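So the protein lines, in turn, are chains A and B.
Here the first sequence stands for residues 63 to 109, where the numbers follow the numbering used here.
Here the second sequence stands for residues 125 to 316, where the numbers follow the numbering used here.
No lab work stands behind these hints, which were simulated from the structure alone.
Among the clues, some could well be false.
To give an idea of the chain A side of the interface with chain B (calculated C-beta under 10 Å), a few residues [as the list claims (entries may be wrong)]: (1) V70; (2) T92; (3) L93; (4) V94.
Computed list of lysine-lysine pairs in DSS-like fashion (alpha-carbon distance at most 25 Å, straight line) [unchecked claim]: (5) B/K183 - A/K79; (6) B/K307 - A/K79; (7) A/K65 - A/K76; (8) A/K64 - A/K76; (9) B/K307 - B/K145.
Values in this document were obtained by computation on a predicted structure and should not be read as measured data.
Glycine is no exception: its CB is placed at the ideal position from the N, C-alpha and C atoms.
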Amino acid sequence: MKKLINQVVFFASKINKTHLQFALMIVTLTLVVLGAGAPEELGKTGR
Amino acid sequence: MPLLFAVVSGSLTGLGISRLKGNTWSPPNFRLTWLVFLGFLPQWLAVYLPLTRNLLTDKQASICLATSQILLLVFTLANLRVPGMPLLLIGLGCNLTVILANGGFMPLTVEAAARFADTSILNSLTIGERIGSASKDVLLPEAQIILPMLADRFVPPPFFPYRFAFSLGDVFIAAGAFWVLSKGSSAKPILV
Numbered sequence: 063m064k065k066l067i068n069q070v071v072f073f074a075s076k077i078n079k080t081h082l083q084f085a086l087m088i089v090t091l092t093l094v095v096l097g098a099g100a101p102e103e104l105g106k107t108g109r
Numbered sequence: 125m126p127l128l129f130a131v132v133s134g135s136l137t138g139l140g141i142s143r144l145k146g147n148t149w150s151p152p153n154f155r156l157t158w159l160v161f162l163g164f165l166p167q168w169l170a171v172y173l174p175l176t177r178n179l180l181t182d183k184q185a186s187i188c189l190a191t192s193q194i195l196l197l198v199f200t201l202a203n204l205r206v207p208g209m210p211l212l213l214i215g216l217g218c219n220l221t222v223i224l225a226n227g228g229f230m231p232l233t234v235e236a237a238a239r240f241a242d243t244s245i246l247n248s249l250t251i252g253e254r255i256g257s258a259s260k261d262v263l264l265p266e267a268q269i270i271l272p273m274l275a276d277r278f279v280p281p282p283f284f285p286y287r288f289a290f291s292l293g294d295v296f297i298a299a300g301a302f303w304v305l306s307k308g309s310s311a312k313p314i315l316v
């Protein structure tokens with residue numbers, strides 16, 4: 063268990079902060095675009 | 125889906141320009157990012173999440189949609205300094221205006237639907253009613269739409285493999301998203 067925690071901490075420390083910022087920015091913009099836009103595909107009506 | 129193409133192509137263009145210039149790519153830093161997650165939540169529950177969207181009435185869903193878009197409008201206003209964001213604001217403003225003017229959903233013209241949908245799907249729809257619980261659109265004849273120029277009335281050319289209807293606001297939103305991402309390359313470098 064301790065080894066697993068150490069591995070998680072090790073890999074977490076390898077994550078680049080700027081890459082996380084980039085991913086957050088992409089997710090943010092994707093949500094804005096999905097929320098703001100309203101194109102209709104007529105394929106997924108939910109019925 | 126069509127709008128996500130703008131996000132993907134904008135990202136690739138931004139990366140490509142950065143590589144060509146020998147720079148690193150810097151995406152913009154947004155203000156009030158939490159507002160996007162808060163703003164998208166009502167819409168996610170009302171349109172995207174099958175478990176909850178089927179529980180809501182059309183009236184409740186339309187309130188969720190309007191609330192969501194108003195919060196996203198505040199986010200775009202707060203980030204107006206970001207290149208491309210004014211285009212996104214115009215697009216969101218156009219969509220929100222026509223949605224509010226037509227009872228809470230984006231009007232899809234019958235004429236546009238006839239140009240891109242199968243006859244079997246068209247026959248299953250009722251004029252004046254929402255397309256479905258997973259849709260933001262209501263099917264209406266153009267003559268009954270308030271501000272019809274802002275409705276979902278455009279369809280891609282016949283050679284385009286993916287069929288959908290879109291509004292003028294959607295065009296601005298796609299252009300804005302593309303610009304936001306592609307212009308990121310000219311800012312100070314943070315992403316290698």
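Hints versus structure:
1. V70: violated (25 Å)
2. T92: With a minimum Cβ separation of about 5 Å from chain B (threshold 10 Å), the hint on A/T92 holds.
3. L93: A/L93 check passes; min Cβ-Cβ to chain B is 4 Å, inside 10 Å.
4. V94: At about 6 Å, which falls below the 10 Å cut-off, the nearest Cβ of chain B leaves the hint on A/V94 intact, so it holds.
5. B/K183 - A/K79: violated (42 Å)
6. B/K307 - A/K79: Holds. B/K307 to A/K79 sits at ~21 Å (cutoff 25 Å).
7. A/K65 - A/K76: Holds, at roughly 17 Å.
8. A/K64 - A/K76: Since the Cα atoms of A/K64 and A/K76 sit roughly 19 Å apart, the hinted pair holds (cutoff 25 Å).
9. B/K307 - B/K145: holds (13 Å)
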